[in-house]
Amino acid sequence: MSLQETAEAPVDSFGQFFREGGEGTVALPHCQDCDRHHWYPMERCPHCFSQRLAWGSVSGRATVYSVTTVRYAFTAANRGRTPYGIALVTFDDVPDVRMVCRTGACEEGSDVAVGDAVMVSVTADATDQDTGMVTCAPLPRNAGSGAHGER
Amino acid sequence: MSSTSDICITGIGATPPARRSTHSIRRLVVDAALAAIEDAGLRPEDIDGMVSDSVIMSASVPRDWLSAQLGITRTFDASLSYGGAGSVGAPLLARTGLRQGLCRNVLVYFGVDWGSRPSGPYGFHDMYPAKRAYEKPIGFDAQPEYFGLLAARYAEEYGLADEELGAFAVAQREYAVRAGIGQKTTPLTMEQYLATPMISDPLRFEDCCLISDGAVAYVLTVEERAADGPHRPVYVRGVGFGSEATSGDDIFSQRADYLSFPGTAQAVAAVECDASLPLSEADFAEVYDCFTISCLLQLEDLGLCDRGTAGKFALAGETRLDGRLPVNTHGGLLAHSYLLGAEHVIEAVRQLRGDAGPNQVENARVGLVTGLSVPDYALLMLSN
Ligand SMILES: [Zn+2]
Numbered sequence: 001m002s003l004q005e006t007a008e009a010p011v012d013s014f015g016q017f018f019r020e021g022g023e024g025t026v027a028l029p030h031c032q033d034c035d036r037h038h039w040y041p042m043e044r045c046p047h048c049f050s051q052r053l054a055w056g057s058v059s060g061r062a063t064v065y066s067v068t069t070v071r072y073a074f075t076a077a078n079r080g081r082t083p084y085g086i087a088l089v090t091f092d093d094v095p096d097v098r099m100v101c102r103t104g105a106c107e108e109g110s111d112v113a114v115g116d117a118v119m120v121s122v123t124a125d126a127t128d129q130d131t132g133m134v135t136c137a138p139l140p141r142n143a144g145s146g147a148h149g150e151r
Numbered sequence: 152m153s154s155t156s157d158i159c160i161t162g163i164g165a166t167p168p169a170r171r172s173t174h175s176i177r178r179l180v181v182d183a184a185l186a187a188i189e190d191a192g193l194r195p196e197d198i199d200g201m202v203s204d205s206v207i208m209s210a211s212v213p214r215d216w217l218s219a220q221l222g223i224t225r226t227f228d229a230s231l232s233y234g235g236a237g238s239v240g241a242p243l244l245a246r247t248g249l250r251q252g253l254c255r256n257v258l259v260y261f262g263v264d265w266g267s268r269p270s271g272p273y274g275f276h277d278m279y280p281a282k283r284a285y286e287k288p289i290g291f292d293a294q295p296e297y298f299g300l301l302a303a304r305y306a307e308e309y310g311l312a313d314e315e316l317g318a319f320a321v322a323q324r325e326y327a328v329r330a331g332i333g334q335k336t337t338p339l340t341m342e343q344y345l346a347t348p349m350i351s352d353p354l355r356f357e358d359c360c361l362i363s364d365g366a367v368a369y370v371l372t373v374e375e376r377a378a379d380g381p382h383r384p385v386y387v388r389g390v391g392f393g394s395e396a397t398s399g400d401d402i403f404s405q406r407a408d409y410l411s412f413p414g415t416a417q418a419v420a421a422v423e424c425d426a427s428l429p430l431s432e433a434d435f436a437e438v439y440d441c442f443t444i445s446c447l448l449q450l451e452d453l454g455l456c457d458r459g460t461a462g463k464f465a466l467a468g469e470t471r472l473d474g475r476l477p478v479n480t481h482g483g484l485l486a487h488s489y490l491l492g493a494e495h496v497i498e499a500v501r502q503l504r505g506d507a508g509p510n511q512v513e514n515a516r517v518g519l520v521t522g523l524s525v526p527d528y529a530l531l532m533l534s535n
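Chains A and B, in that order, are what the protein sequence lines are.
So that you can map any letter, position 108 of the first sequence is 108 in my numbering, and since no number is skipped, the others follow by simple counting.
So that you can map any letter, position 219 of the second sequence is 370 in my numbering, and since no number is skipped, the others follow by simple counting.
Mixed in with the good hints, there may be bad ones.
[Said to hold, decoys possible] Taking lysine to any residue and the SDA-like style, the derived pairs with C-alpha atoms no more than 20 Å apart in a straight line are:
| # | chain 1 | residue 1 | chain 2 | residue 2 |
| --- | --- | --- | --- | --- |
| 1 | B | K282 | A | D125 |
| 2 | B | K282 | A | C34 |
| 3 | B | K282 | A | S13 |
| 4 | B | K282 | A | T123 |
| 5 | B | K282 | A | Q129 |
| 6 | B | K463 | B | A306 |
| 7 | B | K463 | B | E308 |
| 8 | B | K282 | A | A73 |
| 9 | B | K282 | A | R36 |
| 10 | B | K282 | A | T135 |
| 11 | B | K282 | A | T131 |
| 12 | B | K282 | A | Y84 |
| 13 | B | K282 | A | V114 |
| 14 | B | K282 | B | G399 |
| 15 | B | K282 | A | S121 |
| 16 | B | K282 | A | P46 |
| 17 | B | K463 | B | K282 |
| 18 | B | K282 | A | G15 |
| 19 | B | K282 | A | R19 |
[What the hints assert, rightly or not] Derived contacts from chain A toward chain B, CB cut-off under 10 Å, selection only:
| # | residue |
| --- | --- |
| 20 | Y40 |
| 21 | T68 |
| 22 | Y72 |
| 23 | A77 |
| 24 | A87 |
| 25 | T131 |
| 26 | T135 |
By construction, these hints were calculated from the structure, which means they are not laboratory data.
Virtual Cβ for every residue (Gly too), placed ideally from N, Cα, C.
Let's have the full structure, built from the sequences with the hints guiding it.
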């Protein structure tokens, strides 16, 4: 795994995550002391409580841990956009970090299933770079890098 | 002066279950509080201690406001957690005030107006930064989605037939229809359950709790004074609270032990130590059922069912009135009303007084009540 550390960026907010992420690249807070990643952004490493945190990039290659198809719009922003899928994925590089992603969906349900290999993409919002969209899309099964869940 | 006296619930009050009330949240709380005080055979000026949840009541019906409206002078005041864990864990604090002689009678209260408030149950999530910046924009914006993911993962690990979740909804509807006082008054068959629309797979409409306006209150005092009241005292046999190193931001995605709720182990240990009685001795349980899957997972967390078996337990009818462990005997959050579990305490008291009418559990001696306010958890064991 290759990590590009950016020590100056604030590690307790979402701006850097959305600005640095891209198609197949995900910026995660990374602890300089215990060398582990975590999610969400926070002040101290949840594993060793170090405050020496920086952003590091991991591959967006991930495995679906759980998935649900949302068929009811709970907030105005999703009116007319249901059904859509919400997946909880684990990164193949860092399997103890999970991330919630939006997936595509058809009437039958989300286009990904538990155990599927997916690619995560991060897009900053055009007008507010401190927020944005995170999606995951299915990878051809044979393209997965031996993807596996936590159990 | 401190004592080791047992403490008892001596009075209960609740507003009628309603999807929308014509009364304000403050009026509803006043009504419930006065009803509980009267039920305890007391006058408002006899109350000198108050406990509420720290978040919802502290913002909408603060204890100072209620004290002023009821003419109460307090020598004890405390709050904990938010919502269900606050209402169910309140005796933990009340016991301290009562045993240390800081007060004589403690009023616990809770209410919500999420039935009539435009943001409903979803608005308070905005207090979590990750929810605002990350989860809402991608559409992870409501409880059925969080619990839908839990249920889908449970299905992957243990298998979960649709009917296993449905069994909770159907059984609880039976209780509500028999009681005749809840928001749901018409029966629900398994066929009807299966035909209701999916909301967030595998959770259907009938897997989700109601939305309500209402309030409840209850009164606690020490055993010695409880005997003076008009009702049979209900004893607090054990009460526990737990909250692990998981924030409200992380709880629905990062927890390593994804299929169990944090705080349950600590709460169970505290209750079993208090009561010198295992949870398995309970004759019934009022389990926080924001969704069918929440109830299922807690039955396993509490050790009342083995991992992977709670759905089959329900499907075999064991949570019904004639089952091995009647669960949510008023209909719960799914069918009675959704006051974030505060009414579960009231129903447990009814059962232990022998006042549960057509849903009375025969020879009910010990009951459990759970309050789930992730990442907080509270557990209460009551007996008569
Ligand atoms: Zn660390």
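Evaluation of the provided hints:
1. B:K282 to A:D125: The hint holds at about 16 Å.
2. B:K282 to A:C34: violated (27 Å)
3. B:K282 to A:S13: Holds: K282 of chain B and S13 of chain A sit about 12 Å apart, inside 20 Å.
4. B:K282 to A:T123: Status holds; Cα separation ~17 Å.
5. B:K282 to A:Q129: The given pair, whose Cα atoms are some 16 Å apart, holds under the 20 Å limit.
6. B:K463 to B:A306: holds (13 Å)
7. B:K463 to B:E308: holds (15 Å)
8. B:K282 to A:A73: The hint holds at about 16 Å.
9. B:K282 to A:R36: Violated, at about 23 Å.
10. B:K282 to A:T135: holds (16 Å)
11. B:K282 to A:T131: Roughly 11 Å separates the two Cα atoms, so the pair holds.
12. B:K282 to A:Y84: Measuring from Cα to Cα gives roughly 18 Å; hence the hint holds.
13. B:K282 to A:V114: Cα-Cα ~24 Å, so violated.
14. B:K282 to B:G399: The given pair, whose Cα atoms are some 9 Å apart, holds under the 20 Å limit.
15. B:K282 to A:S121: Measuring from Cα to Cα gives roughly 19 Å; hence the hint holds.
16. B:K282 to A:P46: holds (19 Å)
17. B:K463 to B:K282: Violated: K463 of chain B and K282 of chain B sit about 34 Å apart, past 20 Å.
18. B:K282 to A:G15: Roughly 14 Å between the alpha carbons, so the hint for K282 of chain B and G15 of chain A holds.
19. B:K282 to A:R19: holds (18 Å)
20. Y40: At 4 Å from the nearest chain B Cβ, Y40 of chain A passes the 10 Å test, so the hint holds.
21. T68: At 4 Å from the nearest chain B Cβ, T68 of chain A passes the 10 Å test, so the hint holds.
22. Y72: Check passed: Cβ of Y72 of chain A comes within 5 Å of chain B, closer than 10 Å.
23. A77: holds (7 Å)
24. A87: Given a least distance of 8 Å, the restraint on A87 of chain A holds.
25. T131: The hint holds - T131 of chain A has a Cβ within 10 Å of chain B, the shortest such distance being about 5 Å.
26. T135: Given a least distance of 8 Å, the restraint on T135 of chain A holds.
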